[in-house]
Amino acid sequence: MIAIIDYGAGNIFSVKNACDYLGLPAVLTKDKGEIESADGMILPGVGAFPWAMKQLEQANLVETIKEQAEEKPLLGICLGMQMLFSKGYEFEETEGLGLIEGSVELMRPEGLSIPHIGWNKLIVNHDCPLLHGLSDDEYVYFVHSYGAKCADENLMAYCEYGDMVTALAAKGNVYGCQFHPEKSSKTGLAILKNFAALMEDRK
Amino acid sequence: MLAKRIIPCLDVREGKVVKGVNFVGIKEVGDPVECAAAYDAQGADEIVFLDIIASHEGRGTMLDVVRRTAKKVFVPLTVGGGIRTIDDFRDTLRAGADKVSVNSAAVRNPQLISQAADIFGCQCVVTAIDAKKCPDGHYTVVINGGRIDMQMDAVKWAKRVEALGAGEILLTSMDTDGVKGGFDIDMLNAVCSVVKIPVIASGGCGSLEHFTDVFEKTNSAAALAASLFHYGELTVGEVKTELKKHGIPVRMV
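Residue numbers (this note's numbering), protein chains in the order written: chain S, 1393 to 1595; chain P, 499 to 751.
Simulated from the structure, these hints should not be mistaken for laboratory data.
All C-beta atoms, glycine included, are put in the ideal place defined by N, C-alpha and C.
Careful: at least some of the hints might be erroneous.
With a straight-line cut-off of 30 Å between C-alpha atoms, the simulated BS3-like cross-links for lysine-lysine are [stated by the list, open to error]:
1. P:K678 to P:K630
2. S:K1513 to S:K1424
3. S:K1513 to P:K715
4. S:K1513 to P:K694
5. S:K1578 to P:K514
6. P:K570 to S:K1422
7. S:K1563 to S:K1446
8. S:K1464 to P:K570
9. P:K517 to S:K1578
10. P:K569 to S:K1513
11. S:K1513 to P:K743
12. S:K1585 to P:K742
13. S:K1578 to P:K743
14. S:K1585 to S:K1424
15. P:K570 to S:K1585
16. P:K570 to S:K1578
17. P:K694 to S:K1541
18. P:K570 to S:K1513
19. S:K1424 to P:K569
20. S:K1585 to P:K569
21. S:K1513 to P:K630
22. S:K1446 to S:K1458
23. S:K1578 to P:K569
24. S:K1464 to S:K1446
25. P:K715 to P:K654
26. S:K1578 to P:K742
27. P:K569 to S:K1464
28. S:K1422 to P:K569
29. P:K678 to P:K654
Label-pair ranges, simulated between beta-carbon atoms [claimed, not checked]:
30. P:R588 to S:L1420: 44 to 54 Å
31. S:E1459 to P:M650: 51 to 61 Å
32. S:P1442 to P:H636: 38 to 48 Å
33. S:D1423 to P:I646: 45 to 55 Å
34. S:P1501 to P:K743: 25 to 35 Å
Part of the chain P face toward chain S, derived, beta carbon under 10 Å [what the hints assert, rightly or not]:
35. M499
36. E544
37. C620
38. K694
Use the sequences and the hints to build the structure in full.
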């Protein structure tokens, strides 16, 4: 069972729809017990970093997510990925979950507009189980204005938009994709399946 | 580098895909959910549903189509037609749309664009502009399917909708729409040269060459077509293979 963490952010139904389509058992929840008994977690998110962290704090989920991420796979998507990092700078400096060292800052792609919206090509930096079975010509769908900066060892894949944009970051059980796998057609669904396979391996 | 997008558009009336035949008869051509899923499989980068009745009573039927589509189609979905209020935006996004397209209502009430962008984010606000060329050479905005000339400069309106917070412009040329003689390159260049947000080219494509042209001769981010794909004259895959041959970045499936 995948716990899709429901802290009031929009767009969580599309993640649930994708899991349902793939036949992956998933539940939308903010219940600590349900998250603890799940085999994996997805942290989705659309909205602003400070607001979303506050929602997690008010739901008493910050510690639960951190503890559970030591034991089981966690996938952050878009804002959910950004919250995995140490700090965010959207409007104001905000502590993130700190599961991957790095910060989330406003993108300044020279001569290009933000948000960065559209299909961009994934460029693999390190081998990552979430990318297994994919070719070297895969596009995924992005919608964001802030981007994560992290160490090379945690940067699994990036794309080019003026500058390098962190597309997929990972550390231990923790994975984060800036793009939306649930909107990235077959490529995105394959990534979600690969994530579910990590849960199976753990059993 | 972003891929250039190919977007099939489905005209939907009372839950069915329809297509005007020579602007007179309306012919039903299928289930929108199945059509959208087929386009996703062909490699469509996005799907647009246009509610062509867009009556208050019909809204619920459209939302149901959106909800069913969101369970089977995993590319961004844009829904337009008859969007007038913030509540229309909210209902459509909640049903599972990723973007909402406004046209006439934004011309009548431009604040709708800024309010929607503030609440839901500019990425989900698409402003559709229908325009045609005037005898003096400038472009004028038309609404209600081309029936009412607003006597408004289309290029200035494009700049204004960007300033108001629109995330994208869907530009349809009424001069080339339905003619299949190619996209309106001059109109697209006039608009692309004054805005930074993505412009979706619409109206006039009839062959593979027209897609290559629109990306080689303009800065359009995407090209939209309806009947060409409906009637299977071309598939999305064929269009992309051709674009790739010309060195235009596209997502192949």
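Consistency of the hints with the structure:
Our distance criterion of 30 Å between C-alpha atoms is met by P:K678 and P:K630, whose separation comes to about 16 Å. With a CA separation close to 37 Å, the supplied pair S:K1513 and S:K1424 exceeds the 30 Å bound. At most 30 Å may separate the alpha-carbon atoms for a hinted pair to count; S:K1513 and P:K715 meet this at roughly 23 Å. Restraint check for S:K1513 and P:K694: the C-alpha separation of about 21 Å stays at or below 30 Å, so the hint holds.
Pair hint S:K1578 plus P:K514 holds up; C-alpha atoms about 26 Å apart against a cutoff of 30 Å. Our distance criterion of 30 Å between C-alpha atoms is met by P:K570 and S:K1422, whose separation comes to about 26 Å. The hinted pair formed by S:K1563 and S:K1446 meets the criterion: a straight-line CA distance of about 24 Å does not exceed 30 Å. This hinted pair checks out: S:K1464 and P:K570 have alpha carbons roughly 28 Å apart, not beyond 30 Å.
Distance restraint check for P:K517 and S:K1578: the Cα-Cα separation of roughly 29 Å lies within the 30 Å cut-off, and the hinted pair is therefore satisfied. A C-alpha spacing of about 25 Å is found between P:K569 and S:K1513, which places the hinted pair at or below 30 Å, so the restraint holds. Among the hinted pairs, S:K1513 with P:K743 is consistent with the structure: their alpha-carbon atoms are about 18 Å apart, no more than 30 Å. This hinted pair checks out: S:K1585 and P:K742 have alpha carbons roughly 29 Å apart, not beyond 30 Å.
Among the hinted pairs, S:K1578 with P:K743 is consistent with the structure: their alpha-carbon atoms are about 23 Å apart, no more than 30 Å. Annotation: proposed proximity of S:K1585 to S:K1424 holds, straight-line Cα distance about 24 Å (limit 30 Å). Taking the CA atoms of P:K570 and S:K1585, the gap is near 16 Å; set against the 30 Å cutoff, the hint holds. Note on P:K570 and S:K1578: the hinted pairing holds, with a Cα-Cα distance of about 12 Å set against a maximum of 30 Å.
The suggested pairing of P:K694 with S:K1541 holds, with an alpha-carbon distance near 25 Å, which does not exceed 30 Å. A distance of roughly 24 Å separates the Cα atoms of P:K570 and S:K1513; the hinted pair therefore holds under the 30 Å criterion. Restraint check for S:K1424 and P:K569: satisfied, since their Cα atoms lie roughly 27 Å apart, inside the 30 Å limit. Under the criterion of a C-alpha separation no larger than 30 Å, the hint pairing S:K1585 with P:K569 is consistent with the structure, at around 16 Å.
With a CA separation close to 36 Å, the supplied pair S:K1513 and P:K630 exceeds the 30 Å bound. Of the pairs offered as hints, the one joining S:K1446 and S:K1458 holds, with about 15 Å between alpha carbons and a cut-off of 30 Å not exceeded. Taking the CA atoms of S:K1578 and P:K569, the gap is about 14 Å. The hint holds against a cut of 30 Å. Distance restraint check for S:K1464 and S:K1446: the Cα-Cα separation of roughly 24 Å lies within the 30 Å cut-off, and the hinted pair is therefore satisfied.
Between P:K715 and P:K654 the CA atoms are separated by roughly 21 Å; this keeps the pair inside 30 Å, and the hint holds. About 20 Å separates the Cα atoms of S:K1578 and P:K742, which keeps this hinted pair within 30 Å; it holds. For the given pair, P:K569 sits about 27 Å from S:K1464 by alpha-carbon distance, which is consistent with the 30 Å threshold. For the hint pairing S:K1422 with P:K569, the CA-to-CA distance comes to about 23 Å; that is within 30 Å, so the pair holds.
Pair hint P:K678 plus P:K654 holds up; C-alpha atoms about 27 Å apart against a cutoff of 30 Å. The hinted window of 44 to 54 Å between P:R588 and S:L1420 is violated, with their beta carbons roughly 19 Å apart. Taking the beta carbon of each, S:E1459 and P:M650 are about 58 Å apart, inside 51 to 61 Å as hinted. Range check, S:P1442 to P:H636: about 45 Å between beta-carbon atoms, so the 38 to 48 Å window is met.
Distance hint for S:D1423 and P:I646: a CB-CB separation of about 54 Å, consistent with the stated range 45 to 55 Å. For the pair S:P1501 and P:K743, the beta carbons lie near 28 Å from each other, so the given range of 25 to 35 Å is met. At about 6 Å, the closest approach between the beta carbon of P:M499 and any beta carbon in chain S falls short of 10 Å, and the interface hint on this residue holds. Using the Cβ-Cβ criterion of 10 Å, the hint placing P:E544 at the interface with chain S is satisfied: the shortest such distance is roughly 9 Å.
Among the interface hints, the one on P:C620 holds; its C-beta lies about 7 Å from the nearest C-beta in chain S, closer than the 10 Å criterion. Of the supplied interface hints, the one on P:K694 holds, with its beta-carbon coming within about 4 Å of a beta-carbon of chain S, less than 10 Å.
Checked against the numbered hints above, the structure violates hints 2, 21 and 30; every other hint is satisfied.
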